[in-house]
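Residue numbers (the working numbering), protein chains in the order written: chain A, 1 to 774; chain B, 1001 to 1152.
Just so you know, these hints were derived from the structure itself, not from any lab. Since no wrong hints were added, every one of them can be taken at face value.
Only some residues are given here: those of chain A computed to face chain B with a beta carbon under 10 Å:
1) Asp642
2) Ala644
3) Leu653
4) Asn725
Derived Cβ-Cβ restraints for the label pairs, each shown as a range:
5) A/Leu160 - B/Val1025: 52 to 60 Å
6) B/Thr1098 - A/Arg664: 44 to 52 Å
7) A/Arg664 - B/Val1025: 30 to 38 Å
8) A/Glu706 - B/Thr1098: 29 to 37 Å
9) A/Thr56 - B/Val1025: 55 to 63 Å
10) B/Val1025 - A/Leu609: 38 to 46 Å
11) B/Leu1078 - A/Thr552: 32 to 40 Å
12) B/Val1025 - A/Val661: 28 to 36 Å
13) A/Val661 - B/Leu1078: 25 to 33 Å
Predicted model only: the values in this text are computed from it and were never measured. Using N, Cα and C, we set each Cβ at its ideal position, and we do this for glycine too.
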Amino acid sequence: MLLALLALHAIAGLAALSGARRLGRWALVLGGLAPAVTITWAASRAGAVLDGDVITEQVSWVPGLDLSLDLRLDAFSLLMIVLVSGIGTLVFAYAWSYFGRAEKVGRVAGLLTLFAGAMLGVVLADNLLLLYVCWELTSVTSYLLIGIDDDEPEARAAALHALLVTSLGGLAMLGGFVLLGQAGGTYRISALVADPPSGTLVGVALVLVLVGAFTKSAQYPFHSWLPGAMVAPTPISAYLHSAAMVKAGVYLVALLAPAFATTGVWRPLVVGVGLTTMIAGGLRALRPFDLKQLLAFGTISQLGFLMVLLGIGLPEATAAGCTLLLAHGLFKAPLFMVVGIVDHEAHTRDLRTLPRLGTGWTTVRVAAFLSAASMAAIPPLAGFLAKEKAYDAFVGGSDGERLVLAGIVAGSVLTVAYSLRLAAAFWRPDAVAPADGPRPVLDHGPSPTFVAPALLLAGLSLLLGLFPALWSSLVDQAAAALDPEAGASLKLWHGINTALVLSGLTLALGTGLFAARGAVARAQARLAPTVTGADVYDAVVRRVLHLAALVTSVVQSGSLPIYAAVILGTAAVVPAVGLLSGAWWPGWPTLVTRAADLPIAALLVIAALAAAMAARRFVAALFLGVAGYAMTLFFVVQGAPDLALTQFAVETLSVVVFLLVLRRLPDRFERHRAPAVGVVPRLAVSAAVGVFVVAMAIAASGARTEPPVSREMTERALPEGDGKNVVNVILVDFRGLDTLGEVTVLVAAGIGVAALARAGQRPDRRPDRRSEVT
Amino acid sequence: MRPRRSLILDTTLRLVFDAALVLSVYLLFAGHNQPGGGFVGGLVAGGALGLRYLAGGLDEVRATLPGRPWHYLSAGLLVAVGMALRSLVGGGAPLDQTAYTGDLLVIGTAKLTTATIFDVGVYLIVVGLVLLIFEGLGEHPSESPVPEEHGS
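So here's chain B without its partners, still in its complex pose (with noise of 0.2 Å):
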């Protein structure tokens, strides 16, 4: 038995979700010069992902987005990692950075450093670790919580 869904939270959810996600990627890139940056993108992240959680449960969080938590944790480690070691490569202090030019036509010129590279990593992480949370102490909707032990 599905459980009752309540109608203002998806209502809100539906507004809100994919705007959160887009904010918190917005707060990723432009962390490097104003406030913002990976940690509190993915905790933006996680926050919309929570939404999720309380309007449709643990199916719906895994539904929303591909892969399972720790795809998110070993790909932002693995980003992160590579990105010190790049820099040591070149000789230098492990995440020492490097700024790339590029046009993108239409938008205008984008300035990319090799930090904002290493954010993303932090942001994967963040999102990784609140989806673990979600995965390991939260329960399907299909299934009862807590049985009713203190419930008079």
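Here chain A stands alone, though its shape is the one from the complex (with noise of 0.2 Å):
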């Protein structure tokens, strides 16, 4: 059924792609069922998984590389599926309402639900290997989704730069896999996290996956692309770029942190990692007019959170981050909905030209309260409960464990002040930002559609914060999965104890800043650094691009002769080593074998010398098929007709071929006075190949230690073949399958000469036309 599901996302996205024009918002629905069933099914198996029941699928697919579709269903996954499917769907539903009638609408459904594909993939895959391809299909389709507005040059630079970004990180982590496998013995991640590895490689194996974690989770130093990637549509913004994809680093470093915390580097750089993303996301939240750019620096803080809590590898702390992943995709998703309605509806979301909302706007509102709210982690929200349960996992812990406490309730105080901050968009936006001129008054609001997504998970921040029952096993057995000594138990009032002070403190800190906004801003900008993270990305990508045309004009000099001269010596001298380190020499071979070897090879030497030292192009090309028909001869004396037939029908099309190519070239071989490549190397580079393949040939004559197959061919080829012709029967049966290779390259380079000979005619060049003229 795991797969089922799978399949149904890739076979319900490409027919949303295909039929894209044809269905335009109606793909909505057809892509989002594939989200809409996933999250049914899941529902209805919800019951067996959180008793402890894990549903697992396997299916071999590259056994060679230890490369299976292992599909792994257990509580943490089934937690996931919430944010992937749940959210999911509900955002299908918010962007059949944003997109409207918009032409994009197919292509951006499509891709979705191709994302929404990978996304459950990547929390189903039970291999590290399957994990990858799930994860890279989540990079590629949140590239093109990105840059879905491809005619404009600003959404093309943030897609490439997530992509670029991402699946950098991806490559390190795909190494971490492989080194990660090979200390394991197998890929399976529940048999590596059951029986983890130890020893330096592994240490390093776990700093490649963590990279590949970081820069798909935007923690710093990797997190610009989140905010540039804003210039996607809200809905993509809404489940990409909060819900989904960028908490698969954080799942990936929640699956392996129970099994890995203490091993190298591991805690101290996620937790450093975490801590610091947390601050200094929720410290450039506070500065954006630009309230999507406000949200994804929110969101940036967010998941560092989520890093420290689920990296941290303490039981406690992994129940609380089951928790907040759970809590913050219900309170970031609706957050970006209604932003996203906002900029809809009056056509800006920047806080300085931000309408007044009028009447109409109530449901919005109490939408953006309520998610705000739970951001802010105000009691009775979900948010609360989770920040809560953060709290009391490091209260009353070791020196270190309290110096991680102070750095999230530091990060919990900024998280409060642009709660605040973006709650004031919609009520006083004039408190936050002076506006340009008079705001205008937008009294008509949304289609209650529209609001429905962003109120309905609202209203479930707020259903789950009053009854923690009803999510309580859920995240306690989600945590259970991920360490078996994890248990969440949620409940709202916990009695007065060292976290709910800290709870107050937060909250009155972070009012507090939001009073003191004007101060706070005026220390920013000064204190703020004024390179930020998409500078040094450019400059990487300059420098690189800079790196890449000088290697460019030293490799790709344009000379001919320069070309010639490094292949040919490459060809003569590498092998040359190789074959002058060990003994080679096994004595010269029987020279003449026959009589009429003699004239032959003096009419070959001849033919050779002649095509060297013709002044023409036309009468070098004939000596060389001079030269070739000669060897036809040799073939035929020695009693090879096949290889004599092919050659002598292979040197006449040469010919012909040369004919056609030098009617384009000047009659005669210039003679440069400053050569790129001087007689003397010349002379040598010809040498020592002449030598090289002479003294090649002479030692592979003698190097033969095994009987050849070709007596093995030949007594095989009548019985197995049907055929009496050995070369025959081995081109197209024995080696067949080189065979079909080599067609196949053969037609793709004769596609190649025929795309040359056609770039060399320039259009107005054409003999056609110019013979039209004269």
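Once you've looked at the hints, go ahead and assemble the two chains, each given alone in its own frame, into the complex.
Structural data, given as structure tokens:
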């Protein structure tokens, strides 16, 4: 069934893509069917899975690489499916109103469905290599979705930025996976986690894997692609860049942390990066006027928080991380949705130009308020439960854990401040940003269907906050699936304890920070680094392109003599080194076996010399043909009629082709006054190649240690190949697959030749034009 | 203006061309038991077409054979890949061959192996490649070749 669900996504996505034009917005219904079916099916199995059942499926794919379709649904995967498919379905519903009859809606629907399938694959995969494949599929679909407005350079650049960063991280991660799989002897994640390998190599592997997770989850210093990705239409941001894709890195870290947190530098690295991200992202979220940018940096900050909780590998923190994972999806997706609604109706999402929202906007405001309150962890919302749990996990721990606690409290204070800043946009935008002019009033609100998905999610934040029992077992079992010692046991009221005091402190400090926003903004303007992550990315890309241009200018000089000298010189020198490093000289072979050899050899030598010395190209080509015919004679004398026949035909055609080419070239070889490669080096290269080829032929003729295969082939040709011509039987039967590959290459080469020949004919210089003129 | 045609070449061509094509087909089918095969057969057919080209240029090559080069290339590749898939479907290794013996009434019995059909694909590809080269590098006889840059 798991495999069928993945296939359903692929089929629905491809169908929506292929019928994009005809289906229009109905493609969203077709595509949305896949996540809807998935979440329904998952709900029907939820009872069993939460009782500890694990649903697994296995289909062998590439046995030689230990790559099989290992799928595994446990409680933690179930939690992720709620995010991926549950919120995914609502995003499809939201997109229905957002895109309306926009032209690109069909393509968005198809790509979103494919993305949802890839993401489902990530959370179901129980094989590192399969996980990698799905991981990269999410990168590619994300690239296409960010760049959906492909006529805008900004969107294309942002899409490329995201793809470069995440796929480079993905490559590092693949390296880590391979090391990990080799060290553990298996690529099955459940087996690796149950019996974790150790050692220096594993430490290195884990750092590589973490690089992949950090890039995907937009951790510092790889975060800069996420704010750029906000050029995508809001449904895409709401889904990929808050609920689903950016959680992939956190998901992977959560999966590995209980087993590997104490290996190598894992814990300090994950906690350090996570805390940096949480605080730096929070600070950055206080600055932008663009609401989506604010949300993007808020998401980065929250991802850092999740990274700390799920990466530290402590049971309590893991349980808190699972809670926050769900709570974050529930409040961040609707926040994106309401910002998208404002953007859609008011055609701006800039705090400075935002209109005042009128009476028709009550539902939007309710959704925004509940979600922002959940983000700020105000009781009794779901976010509050998660943050309480997180604080509680670190209270009373070691000194190091108390340091982490201080870090996440600081980050949460910032979260409160930017949540207030966001909420202000829906009530008093003047409070956070001076208007450029008088703000218009927008009375007419969005249609109820537009608001419904956001309102539903926001309502869930409230409902789950008020009744923790509703989701306690899901979070509890998800945490237990990661770490058997972890249990969540969610409660709204724990009594008065340290965590509650800290929560109160966080709210007070955050509100204070928001109240003092003028001073904070001035301080930030003075202290904030002037170089942003995007600048660093730009600089790196510029340098790489510059380096590439430099290398190209050196390697691709454009001079045929230099190319020829390099290729022939390498061909002579490199194998010769290998040849000379062993005892290779087998003694002179019998040089002349038949009397006829001598005149043929003389003909060959004369033709070759004449071809090299001819002053006219045409003459040189003819002498090359003569040399080829002399080889044909050799084959005839040696009793190889097949070879002789082929050589003869090839030579004949070669001469004809030479004639065709030579018509386009000057009649005589040019004599350069200052050739790129002088006479002496040319002679040296030629001599080296000649000597090497002769030496190689002699060495090869004496190097045989095994009986030749030709005897076996000869014996098997008639009974197995039904043919008496051994050469032909080898070509079309024994080695038929080789021949198939060769003829395919032949076709490709032919197309290349035709394309090259056409490229030489510029339209203005086409002969037929000229003949018309004259 | 049509270029002058060589009487000797035209006459030779009339004598040789059809014989060469028959020879090429013979080589193709004889290849399984005697010297020959799809590759050589294709090359001989290509050589015959080369003669046509020398005598009458690209127009004459085009008039000789129906279809364009890429038709031959794609047909050949399809046949070759089809033969590879055929044995895969049967559960064997790719290009594992089967022999069929049939009674051709007057001519006698003949044996056709799937390997020969594969060779037909190779033959078509080689012919298509030669045509493609003529098409790409050659020029119409009605056009002047390279302008006389070095002619004095």
